[in-house]
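Student: Sequence:
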Amino acid sequence: MSITNESEIIGMQKVSEAVAYTLKEMVNYAKPGMTTKEIDEFGAKILSDFGANSAPFLTYGFPGYACISLDNEFCHGIPSDKRILKDGDLLNIDVSAELNGYWADNGSSFVVGKDINHHQKLVDASKDILQKAINNIKGGVRIADIGHLMETEAKKRGFKVIKNLGGHGVGRSLHEEPDELLNYRNRFDNRRFKKNSVVAIETFISTDSTIAVELNDGWTMVGNKGGYMAQHEHTILITDGKPVILTQMNEILN
Numbered sequence: 009m010s011i012t013n014e015s016e017i018i019g020m021q022k023v024s025e026a027v028a029y030t031l032k033e034m035v036n037y038a039k040p041g042m043t044t045k046e047i048d049e050f051g052a053k054i055l056s057d058f059g060a061n062s063a064p065f066l067t068y069g070f071p072g073y074a075c076i077s078l079d080n081e082f083c084h085g086i087p088s089d090k091r092i093l094k095d096g097d098l099l100n101i102d103v104s105a106e107l108n109g110y111w112a113d114n115g116s117s118f119v120v121g122k123d124i125n126h127h128q129k130l131v132d133a134s135k136d137i138l139q140k141a142i143n144n145i146k147g148g149v150r151i152a153d154i155g156h157l158m159e160t161e162a163k164k165r166g167f168k169v170i171k172n173l174g175g176h177g178v179g180r181s182l183h184e185e186p187d188e189l190l191n192y193r194n195r196f197d198n199r200r201f202k203k204n205s206v207v208a209i210e211t212f213i214s215t216d217s218t219i220a221v222e223l224n225d226g227w228t229m230v231g232n233k234g235g236y237m238a239q240h241e242h243t244i245l246i247t248d249g250k251p252v253i254l255t256q257m258n259e260i261l262n
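Per the numbering used here: the sequence shown = residues 9 to 262.
Please keep in mind that the hints were generated in silico from the structure rather than gathered at the bench. Bear in mind the structure is a predicted one, so any value in this text is a computation, not a measurement. Treat the hints with caution; some may be incorrect.
Stated by the list, open to error - Calculated pairs, DSS-like style, for lysine-lysine (alpha carbon to alpha carbon, straight line, at most 27 Å):
hint	residue 1	residue 2
1	164	122
2	171	250
3	140	22
4	146	171
5	250	22
6	202	250
7	146	202
8	129	163
9	22	53
10	94	39
11	164	140
12	203	22
13	122	45
14	39	53
15	146	163
16	22	135
17	129	94
18	146	164
19	135	203
20	202	171
21	94	233
22	45	22
23	163	140
24	203	171
25	171	135
26	171	129
27	129	164
28	250	140
29	171	140
30	163	135
As the list claims (entries may be wrong) - Label pairs and their calculated CB-CB ranges:
hint	residue 1	residue 2	range
31	249	225	40 to 46 Å
32	198	14	28 to 34 Å
33	14	181	19 to 25 Å
34	36	143	25 to 31 Å
35	160	219	17 to 23 Å
36	226	146	35 to 41 Å
37	124	200	42 to 48 Å
38	66	204	24 to 30 Å
39	122	165	19 to 25 Å
40	132	69	33 to 39 Å
All C-beta atoms, glycine included, are put in the ideal place defined by N, C-alpha and C.
Given only the sequences and the hints, what does the whole structure look like? Please build it.
Tutor: If you want it as structure tokens, here you go:
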């Protein structure tokens with residue numbers, strides 16, 4: 009969406025605060041021995057306390073409140089009482105919600121407990137790349153140039169990017185224009201970021217795969233060549249200078 013008045017700013021701040029606080033609390037809550045369903049239900053209660061509604065459930069009838077993806081699951085993982093967290097697991101939690109007609113989206117990958125499987129390097133790369141991307145986004149910047157920056161930074165660190173997942177506009181619905189804010193340079197994409205628009209910018213940094221494929225459950229996505237993926241996501245308001253990070257409260261880049 010494009011912000012045109014004060015009430016729209018306030019609406020976006022409130023929903024962004026709801027998803028950011030929920031994500032932060034869910035990340036802190038996740039411990040070895042828990043199921044992904046327990047974490048989802050914990051987050052659902054927080055969203056409900058804000059008066060917010062789960063965006064994937066509302067928009068797509070997703071079978072959970074947040075997307076919670078474990079280990080080789082890349083995204084859109086379904087919370088389950090059969091998926092039990094262990095020390096060293098790579099977990100991704102993606103929280104998006106609607107509140108009073110406004111929508112926001114954020115996500116984080118992190119290591120559960122001790123980093124015995126050495127996923128932290130991938131997690132840190134994803135965080136660094138998101139930070140660099142956000143630092144370079146302002147009105148007039150080519151969308152494809154930010155994609156190029158993300159892929160270049162991933163390669164520098166020995167990683168790949170997923171080419172069929174991307175960030176997106178957000179605000180009056182979960183997914184809006186501009187869509188396909190990709191993690192690589194699409195040379196046919198001449199679009200530019202627009203001042204006062206709101207986008208969810210996200211990384212998809214992987215160890216082995218470049219394409220995400222859907223499993224038979226109709227939701228969960230994994231890599232075409234296996235391996236692991238880290239994702240970090242903020243909802244931001246684009247300006248003439250540094251963007252305003254509406255979901256700053258999630259502390260995912262700390």
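Student: What are the numbers of the hints the structure violates, in ascending order?
Tutor: none
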